[in-house]
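Working from the sequences, and respecting the hints, build out all of it.
There are 2 protein chains.
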Amino acid sequence: MTSERKTSLSQLGEFGLIDRISQRLQGKSAVIVKGIGDDCAIYRASKDRYQIITTDALVDGVHFHLASHPPRLLGRKSLAVSLSDISAMGGTPRTVVISLGIPKSLPLTFLDHFYEGLHSLCKEFNISIAGGDTVQSPKGFWVSLTVIGEVRKDRFFTRAGAKAGHAILVTGTLGDSALGLKLLSDSSNNLKTSKANRRTLIARHQNPTPRIAFAKALARSSVRVSSMIDISDGLEQDLGHICQQSGKGADLDPDSIPTSKELNYLCKNNDLNQTSLSLTGGEDYELLFTTPAEDVKKLMKITLKVGVSVTQVGKMTSDQSTLRLLKANESPQIRKITSGFDHFR
Amino acid sequence: MTSERKTSLSQLGEFGLIDRISQRLQGKSAVIVKGIGDDCAIYRASKDRYQIITTDALVDGVHFHLASHPPRLLGRKSLAVSLSDISAMGGTPRTVVISLGIPKSLPLTFLDHFYEGLHSLCKEFNISIAGGDTVQSPKGFWVSLTVIGEVRKDRFFTRAGAKAGHAILVTGTLGDSALGLKLLSDSSNNLKTSKANRRTLIARHQNPTPRIAFAKALARSSVRVSSMIDISDGLEQDLGHICQQSGKGADLDPDSIPTSKELNYLCKNNDLNQTSLSLTGGEDYELLFTTPAEDVKKLMKITLKVGVSVTQVGKMTSDQSTLRLLKANESPQIRKITSGFDHFR
Numbered sequence: 011m012t013s014e015r016k017t018s019l020s021q022l023g024e025f026g027l028i029d030r031i032s033q034r035l036q037g038k039s040a041v042i043v044k045g046i047g048d049d050c051a052i053y054r055a056s057k058d059r060y061q062i063i064t065t066d067a068l069v070d071g072v073h074f075h076l077a078s079h080p081p082r083l084l085g086r087k088s089l090a091v092s093l094s095d096i097s098a099m100g101g102t103p104r105t106v107v108i109s110l111g112i113p114k115s116l117p118l119t120f121l122d123h124f125y126e127g128l129h130s131l132c133k134e135f136n137i138s139i140a141g142g143d144t145v146q147s148p149k150g151f152w153v154s155l156t157v158i159g160e161v162r163k164d165r166f167f168t169r170a171g172a173k174a175g176h177a178i179l180v181t182g183t184l185g186d187s188a189l190g191l192k193l194l195s196d197s198s199n200n201l202k203t204s205k206a207n208r209r210t211l212i213a214r215h216q217n218p219t220p221r222i223a224f225a226k227a228l229a230r231s232s233v234r235v236s237s238m239i240d241i242s243d244g245l246e247q248d249l250g251h252i253c254q255q256s257g258k259g260a261d262l263d264p265d266s267i268p269t270s271k272e273l274n275y276l277c278k279n280n281d282l283n284q285t286s287l288s289l290t291g292g293e294d295y296e297l298l299f300t301t302p303a304e305d306v307k308k309l310m311k312i313t314l315k316v317g318v319s320v321t322q323v324g325k326m327t328s329d330q331s332t333l334r335l336l337k338a339n340e341s342p343q344i345r346k347i348t349s350g351f352d353h354f355r
Numbered sequence: 011m012t013s014e015r016k017t018s019l020s021q022l023g024e025f026g027l028i029d030r031i032s033q034r035l036q037g038k039s040a041v042i043v044k045g046i047g048d049d050c051a052i053y054r055a056s057k058d059r060y061q062i063i064t065t066d067a068l069v070d071g072v073h074f075h076l077a078s079h080p081p082r083l084l085g086r087k088s089l090a091v092s093l094s095d096i097s098a099m100g101g102t103p104r105t106v107v108i109s110l111g112i113p114k115s116l117p118l119t120f121l122d123h124f125y126e127g128l129h130s131l132c133k134e135f136n137i138s139i140a141g142g143d144t145v146q147s148p149k150g151f152w153v154s155l156t157v158i159g160e161v162r163k164d165r166f167f168t169r170a171g172a173k174a175g176h177a178i179l180v181t182g183t184l185g186d187s188a189l190g191l192k193l194l195s196d197s198s199n200n201l202k203t204s205k206a207n208r209r210t211l212i213a214r215h216q217n218p219t220p221r222i223a224f225a226k227a228l229a230r231s232s233v234r235v236s237s238m239i240d241i242s243d244g245l246e247q248d249l250g251h252i253c254q255q256s257g258k259g260a261d262l263d264p265d266s267i268p269t270s271k272e273l274n275y276l277c278k279n280n281d282l283n284q285t286s287l288s289l290t291g292g293e294d295y296e297l298l299f300t301t302p303a304e305d306v307k308k309l310m311k312i313t314l315k316v317g318v319s320v321t322q323v324g325k326m327t328s329d330q331s332t333l334r335l336l337k338a339n340e341s342p343q344i345r346k347i348t349s350g351f352d353h354f355r
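Chains as they are written, first to last, in this note's numbering: chain Z, 11 to 355; chain Y, 11 to 355.
Simulated from the structure, these hints should not be mistaken for laboratory data.
Worth double-checking, as some hints may not be accurate.
It does not matter which identical chain is used: a pair holds within one copy or between any two.
Said to hold, decoys possible - Straight line, CA to CA, 20 Å or less: simulated PhoX-like cross-link-like pairs of lysine-lysine: (1) 315 to 163; (2) 325 to 346; (3) 205 to 307; (4) 308 to 173; (5) 133 to 271; (6) 163 to 57; (7) 278 to 205; (8) 202 to 271; (9) 308 to 325; (10) 149 to 114; (11) 226 to 307; (12) 163 to 114; (13) 205 to 315; (14) 278 to 192; (15) 311 to 114; (16) 337 to 325.
Laid out in structure tokens, this is it:
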């Protein structure tokens, strides 16, 4: 069935919808350098200057839960997800506008704390709040946020460009955010954990750190970054985006995926599948990228300087749209690259 | 009662909320030239370049009604309201990003037509669609849109700057959009009108024309524009914003407010209050601005060239925050300038 014959959103799905929209909208534009289909868009602001822009929307009950997400952290996270997109293309965020859909019943203190959180993250990254819109939304709270920044004309990262043999690398640890969400949903406290572990993992979910500093350092370096994306939908799926847009495949060693000691402890004591969490857990907002193998050493020097850990988890292959999971002493699992988590299904 | 002691949104109101937010958010920023509190924000993109940005959110059931607003026109209007803001400051729109909150049940054809409408207006004004976000919104459809453009460093318009004695002018005709909305709500067809009149007025509500061309011509001219705003909330209220931010008052002649022949006909035949419609009706997206009286002649030459009618409706006074309605042969009505229509009350 072609997408033209599909008549409902749930049949088409989120990524099908994006394809459909971009087919309809993208004419040739002399201004747009990189349009729909990457973490951000890049456009020519003047002859010599490129700007980078990203917009993200978050809806109560879909992307967060008002009841369990402290408003201050929600204000920070609303911005952090966009900053993560900017960092994934090697940009520097400068200005933000933010719109809120607000139910009448929402307490004013909620908004105060939300803006306080937003403001605190702006200060950390020297971002100006230019303005926004506040509208009544009778049926639920939502946030829509646009960040504009700068990117070097001759140095930005996209999802396309990974070559067979290039190393696949990730920053930080994966799966923590998904496990934090699991802990939040575990209202009857079935999961065995310590208070400190619980706090750390929930913070990873509610208050993620965008990897701006690392991405900037990388953009300033001579390391050849052939592709980059931030991990919002999970390693497997976001690597799928790189594979699809680069026309390549990937070999991944699940045992090499970096995980936190908190996650390791919880998985061991609660019979949770560590590989599944680190491979498919979303919203870690770590960076996933590829470089020629010979640049990995140079890269590691940068990670030491910035204080962000980077781990190689696999390498790109010429086997288009195929992800192979290679575990030591096991036969490889072959997965067709899918479009993954889908809000509309 | 100070705003600090108010604890609910409905007590504080939309404009109170904006004040509260801007007090909390605005630190000193070297980048922001004009922040929260005008139609758009203006910021320094580089040493010699200013950019203009505006963001607008529209919610089903608050700003439009899905059941009666054709999706193609809704796509156009979603963008038109932001273009109107850009024009009110003398800017040129360049790039747009758009996010949609989409209920699963929404037909795909609705989205196709919505984007088609958006795209058609983009083409008319040579605006590039850089991207957006589409998210599931279980409880209702909403639109959030950000437009970025350019503005001359030495020539942009704000709400502040009107001087006593300056002429108050408006483009086009007022009250049509509010009357169009009234016709849409008149399900039992109580209002006497012709089909053509009905069509024209409803189109004024559902498919407004942003005054980009006129504003650009004005920005290029030597007419001294001391303040400008677009009429989204109604003449009385938007003039109130100019008065408040300029620290002035205004004398208005209600009989001089330009109205369309369609509106005149309907008011006459249905015992509707024409003055009330043209004075308080919102969403006409005409421009309201002030100039020194001696520049009015020069201004009128521009209006002829661009083909947009401009009418003087009053003059600014030094009587701070006081709006006087001066009808011939009637004693003046004195109105304290209010913050007007409020979504949260």
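Each hint, compared with the structure:
no., hint, result
1, 315 to 163, "neither (25 Å within a copy, 40 Å between copies)"
2, 325 to 346, "within (16 Å within a copy, 70 Å between copies)"
3, 205 to 307, "neither (38 Å within a copy, 75 Å between copies)"
4, 308 to 173, "within (19 Å within a copy, 63 Å between copies)"
5, 133 to 271, "neither (30 Å within a copy, 54 Å between copies)"
6, 163 to 57, "both (10 Å within a copy, 17 Å between copies)"
7, 278 to 205, "within (16 Å within a copy, 73 Å between copies)"
8, 202 to 271, "within (15 Å within a copy, 74 Å between copies)"
9, 308 to 325, "within (17 Å within a copy, 69 Å between copies)"
10, 149 to 114, "both (9 Å within a copy, 15 Å between copies)"
11, 226 to 307, "within (18 Å within a copy, 54 Å between copies)"
12, 163 to 114, "neither (45 Å within a copy, 39 Å between copies)"
13, 205 to 315, "neither (32 Å within a copy, 72 Å between copies)"
14, 278 to 192, "within (15 Å within a copy, 65 Å between copies)"
15, 311 to 114, "neither (52 Å within a copy, 48 Å between copies)"
16, 337 to 325, "within (14 Å within a copy, 79 Å between copies)"
The structure is inconsistent with the numbered hints 1, 3, 5, 12, 13, 15, although it conforms to all the rest.
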